[in-house]
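My request is simple: use the sequences and hints to build the entire structure.
Residue numbers (our numbering), protein chains in the order written: chain A, 1 to 243; chain B, 1001 to 1301.
Derived from the structure by calculation, the hints contain no laboratory data.
We put the beta carbon where it would ideally sit given N, CA and C, even for glycine.
Any given hint could be a false lead.
[To be verified] Computed spacing ranges between beta-carbons, pair by pair:
| hint | chain 1 | residue 1 | chain 2 | residue 2 | range |
| --- | --- | --- | --- | --- | --- |
| 1 | A | A148 | B | I1249 | 25 to 31 Å |
| 2 | B | L1181 | A | S34 | 56 to 62 Å |
| 3 | A | P25 | B | L1294 | 24 to 30 Å |
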Amino acid sequence: MTDVSPARPGGAMVEFDGVGLRYGPDAEILSDISFNLQPGSFYFLTGASGAGKTSLLKMLYLAQRPSRGIVRLFGEDLVAMPRHRLPGFRRRIGVVFQDFRLIPHLSARDNIALPLRIAGVSEEDLSGPVGEMLSWIGLGDRADARPATLSGGEQQRVAIARAVIARPQLLVADEPTGNVDPDMAMRLLGLFEALNRLGTTVVVATHDIHLISRIENAQMMRLERGRLSDPTGALRYPPANKA
Amino acid sequence: MIIPRVPIQHRRLLPDRRLSGPTPWVIAILMMLTLLAAAAGVGLARSANAIGNAIAGRVTVQIVTANPVTRAEQAAALRRAATAQPFVLSARTVEQEELRATLGQWFGSAEGDDPLLKSLPLPALVDVDFVGGDRGAHMRALDALVAREAPGARIIPHAEWLGPVARLIRSLAWIAGAMVLLMAAASAAVVIMTARAALGTHFATIEMLHMIGATDRQITRLFQRRIAIDTAYGIALGSVVAAAILLLIGWQWSRVTAGLAATASLGPAGWALLLALPLLAIALAALTARQTLLAALKKIL
Chain A
1 MTDVSPARPG GAMVEFDGVG LRYGPDAEIL SDISFNLQPG SFYFLTGASG AGKTSLLKML
61 YLAQRPSRGI VRLFGEDLVA MPRHRLPGFR RRIGVVFQDF RLIPHLSARD NIALPLRIAG
121 VSEEDLSGPV GEMLSWIGLG DRADARPATL SGGEQQRVAI ARAVIARPQL LVADEPTGNV
181 DPDMAMRLLG LFEALNRLGT TVVVATHDIH LISRIENAQM MRLERGRLSD PTGALRYPPA
241 NKA
Chain B
1001 MIIPRVPIQH RRLLPDRRLS GPTPWVIAIL MMLTLLAAAA GVGLARSANA IGNAIAGRVT
1061 VQIVTANPVT RAEQAAALRR AATAQPFVLS ARTVEQEELR ATLGQWFGSA EGDDPLLKSL
1121 PLPALVDVDF VGGDRGAHMR ALDALVAREA PGARIIPHAE WLGPVARLIR SLAWIAGAMV
1181 LLMAAASAAV VIMTARAALG THFATIEMLH MIGATDRQIT RLFQRRIAID TAYGIALGSV
1241 VAAAILLLIG WQWSRVTAGL AATASLGPAG WALLLALPLL AIALAALTAR QTLLAALKKI
1301 L
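Shown next, in the form of structure tokens:
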């Protein structure tokens, strides 16, 4: 039985305080990370390859516990949280992986329906939303296709559809537009923005500077060698605003 | 639930093909050997018990008086006196023809009509079966009776010469039981390896399911169901082959009616055990798979 408490009213959705992360005996790959993510906000996470973006996102979507520091999500301390409570939190988080991670033997439809099925939604209730999502990402006619028969961009769209189908409170996306053409990138970003307007907190890790400039009121975090150099709210992007 | 119920849409989360490769075949072989060992164990145990019960209360009195007439009179008197005793269930004089026929097998004359054999002075034998109760007291009472009716006769408890055979058979039955346990352990080890291999093969899917909020129980049920079904196929196959072998042996055994072999049978309890073993094996496989999967999943956040 998983039990998830609502976020504290008025509190941050995500709080990192002095977080460090190391794998094994090696040096920390993330050090002294502190930031708050407010409910309903839109964040970009940038940084060079190897800066630790994916590791930071892993802690956000509960695939990794920090080596030190405090991580609070939806008002609850995740560092000390017992394992059996994590699934309930994960169902409130949508994740778009850089490498898609579609289940290869499932159709596009079944991949997208996965979060709803795991959450126990009946087949009757999930067929409508899944059909709409397939149409929206332009794969209505390829619903039964296996991932291996889809292009990289199509797989990316399926992965995004899977992440957002359950209307998560927090959406975490790792390079979500890396494999799609500019038009589709803008459509997908539009979807993220629409979800954000509905109250979903969005965190997008990207290298694409143009993408960042497209979202009004987005805030940016920048990782440099494992340290957060540009905490949320301290600076605003796009650069044009600075001029 | 040995084979957990999983909604059909969730079953598709694992590929259609069997998870475990050669596992059903290995399980089939182990199940067949387990059933054969169990059948041997039950048969031998029953045989040992039957022999034990038969010899525990039986003695043969050997009268070796030189004069054949006196010898026969002593045997008849002893039989009559013994039959009248409350501690004696039955007493029987072994006929000389029966003795000659038995010895004739060693003299090359099954009918016992060999002249040399006929010339041999044979002892008179009286078989005595005790009633239940204090066998020591019965022996002491028989000693007194023999001393009175046939002085110098020797009392031979059957347990003296058949006891080691019964103990050997009982030891073989225990060995067969140990083999059943060892093969159950081997089957469990196969299931553990299968479960771990399945987790390794499908790790990406498991990780994905975790990330979207699947619980350990949901994931475990998926794999437990598939492994239980795979092993059930193997168990069914092994059971069918073992049943065929046992029926064939039983048919051949039914023609053996002499000696110790006649005491070996499975009996209703033995057959019930053999029928229960495959079900227990499926339960063991499912539980082993479940515990292996849960333990492995706990290592993942």
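How the hints compare with the structure:
no.	hint	in the structure
1	A148(A) to I1249(B): 25 to 31 Å	53 Å, violated
2	L1181(B) to S34(A): 56 to 62 Å	59 Å, holds
3	P25(A) to L1294(B): 24 to 30 Å	29 Å, holds
Checked against the numbered hints above, the structure violates only hint 1.
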